[in-house]
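Visitor: Sequence:
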Amino acid sequence: MKRITEDWITKKATQDVCAALTNGGAQALFVGGCVRNALLQVPVSDIDIATDARPDRVVELAQKAGLKPIPTGIDHGTVTIISKGIPHEVTTFRRDVETDGRRAVVAFSDKVEEDAARRDFTMNALYARPDGTILDPLDGLPDLQARRVRFIGAARDRIREDYLRSLRYFRFHAWYGDADAGFDADALAAIASNLGGLETLSRERVGAEMLKLLAAPDPAPSVAAMRSSGVLTRLLPGADDTALAILVKLEQDAGASPEAIRRLAAIAPVEVARTLRLSRAQLQRLTRMRDEAMATTSVAELGYRYGAAGGLHETLLRGAFQEQPWSGDLIEALEHGAAASFPIKAVDLIPAFSGPALGAKLAELEARWIASDFALSREELLAK
1 MKRITEDWIT KKATQDVCAA LTNGGAQALF VGGCVRNALL QVPVSDIDIA TDARPDRVVE
61 LAQKAGLKPI PTGIDHGTVT IISKGIPHEV TTFRRDVETD GRRAVVAFSD KVEEDAARRD
121 FTMNALYARP DGTILDPLDG LPDLQARRVR FIGAARDRIR EDYLRSLRYF RFHAWYGDAD
181 AGFDADALAA IASNLGGLET LSRERVGAEM LKLLAAPDPA PSVAAMRSSG VLTRLLPGAD
241 DTALAILVKL EQDAGASPEA IRRLAAIAPV EVARTLRLSR AQLQRLTRMR DEAMATTSVA
301 ELGYRYGAAG GLHETLLRGA FQEQPWSGDL IEALEHGAAA SFPIKAVDLI PAFSGPALGA
361 KLAELEARWI ASDFALSREE LLAK
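Just so we're aligned, residue 1 is where the sequence shown starts under this note's numbering, counting upward by one.
Where hints are given, some of them may not hold.
Cut-off 25 Å, straight-line C-alpha distance, at most; resulting in silico cross-link-like pairs (DMTMM-like, lysine to aspartate or glutamate) [to be verified]: (1) LYS11 <-> ASP96; (2) LYS249 <-> GLU199; (3) LYS12 <-> ASP48; (4) LYS2 <-> ASP56; (5) LYS111 <-> ASP178; (6) LYS68 <-> ASP96; (7) LYS111 <-> ASP96.
The hints are simulated quantities; they were obtained by calculation from the structure and are not laboratory data.
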């Protein structure tokens with residue numbers, strides 16, 4: 001029988017949460033991402049536990065065991081239990097009573113099968129007992145082992161329960177799917193026939209999902225499938241993913257980590273990205289990346305202005321737009337610029353210049369210094 005043996009599941013903090021539930025006669029089953037990722041041998045970040053105990057009972061059992069319960073989503077069945085400083089989300093088994101394409105009205109359930117049936121993909125409906133043995137009520141393990149992203153039941157029904165699942169399909173394929181096997185034709189057909197529902201989603205939910213997708217090691221095939229199925233145009237009118245695959249290749253050649261905002265900048269003009277309700281900082285970064293990628297600023301100047309790491313974003317993006325191969329010389333230019341220090345201070349120009357004239361003169365001298373490849377000395381700049 002398949003079993004999880006990773007460190008996180010055997011930690012005393014986690015086992016204490018399970019024991020608090022099972023000692024009270026309740027079930028404790030790990031579920032979702034922690035089970036999926038453990039089986040794929042990729043890092044586990046969040047620990048989710050499903051139980052047949054009702055939320056009030058979960059709180060009672062946690063307190064009885066000396067653990068700290070926090071009613072983070074108690075109306076929806078979720079209680080966060082803190083054990084040795086580690087949060088564990090414990091959610092009562094649920095079944096959908098009513099759905100409107102955005103949010104579901106749920107009822108608590110005693111059956112793990114009903115809890116599994118309301119989830120999106122078979123790979124997310126895998127459970128594990130406290131000892132790590134796998135419980136697979138919907139036969140999702142073969143799909144996970146084949147890295148096959150498959151909707152539970154009829155794809156069209158799962159999508160109509162929550163239209164965000166269309167976007168989640170592409171996100172999960174980017175992270176966990178077999179790129180060589182391609183995309184499930186039935187899933188794509190169901191997604192394409194339900195495009196109108198995407199317009200009912202909040203832009204915040206769409207934006208968050210897009211950034212998760214774009215953070216995958218290689219999101220280009222998923223984004224291309226989004227385009228061919230009509231999802232990309234429906235969600236981001238004016239988006240163009242032509243440069244994305246080129247950008248991913250450049251990142252790999254440069255040894256750069258995936259960066260969602262940089263990749264969003266590759267496919268979406270600022271006015272398009274703005275509709276995703278990004279944070280101010282995210283939108284500022286995206287705007288800078290696109291502006292500098294389209295400008296004629298030298299790579300060395302990018303390094304000077306933003307540092308070697310910061311200037312790498314614009315350099316990669318520019319290379320993707322211009323379809324230029326990666327070169328180690330680009331890193332050298334970034335580092336050369338990052339190491340440069342403008343030798344002129346405002347005090348060097350006072351009292352000859354003041355106010356706006358002082359700022360203008362500083363900018364003029366800095367431009368000359370940059371044009372000299374940072375070679376002009378303080379004396380040479382002041383002598384002219």
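Visitor: Hint by hint, which ones does the structure fall short of?
Guide: 1, 2, 4, 5, 6
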